[in-house]
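Please construct the entire structure, taking both the sequences and the accompanying hints into account.
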Amino acid sequence: MSATPNGAAVQPFVSHPIRLRLNGQDRQLDVLPWTTLLDLLREQLDLVGSKKGCDHGQCGACTVLRDGKRVNACLTLAVMCDGAELTTIEGLADGDVLHPMQQAFITHDAFQCGYCTPGQICSAVGLANEGRARDSAQIQELMSGNLCRCGAYSNIRDAIEDALGGER
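Numbering follows the UniProt record's numbering, in which position 82 of the sequence shown is assigned residue number 82; successive positions increment by one, without gaps.
Simulated from the structure, these hints should not be mistaken for lab results. Certain hints may be false.
Quick list of in silico lysine to any residue cross-link-like pairs, SDA-like style, CA-CA up to 25 Å [unchecked claim]:
1) K52 / A9
2) K52 / S154
3) K69 / D158
4) K69 / N6
5) K52 / P12
6) K52 / P33
7) K52 / R21
8) K52 / T35
9) K69 / Q11
10) K69 / N23
11) K52 / Q112
12) K69 / L45
13) K52 / Q11
14) K69 / Q58
15) K69 / A9
16) K69 / D39
So this is what it looks like as structure tokens:
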């Protein structure tokens, strides 16, 4: 413990232990209370597929799956993930076999620069898990939280429709 110039005691920062299942592996980590899930993934665990776009939850580039549901990793504190199952873009494939959504994105050329692609794919997998998208218009609406600056929206929508066709 240290003191401030006026003599008040300053408590040291305390990290919090969390346990989670990340991409199929059980992990025990110590995190500071203000660490976002995105910063934990990128800076401490070297999982850099999830991108830091806006850091305000407005672009979707950081989308990952928490217990199968879409979350913005930039808005989620890592301590909130204690006990959760997390899946990032790095954990979707099964070895060398791509997840059907990943394959659909390739088949439909649903990316250009690729920056938004990991978040788009994770969001699309979460959308499939929700089971709410019944047609192209609903896919477009339910994916509206994921921005693509290159404008590959029609190919993204086609890829999701294709992947959902096998899951409906």
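What hint numbers does the structure not satisfy? Checked against the structure, the hints that fail are numbers 1, 4, 5, 9, 13 and 15, while the rest are satisfied.
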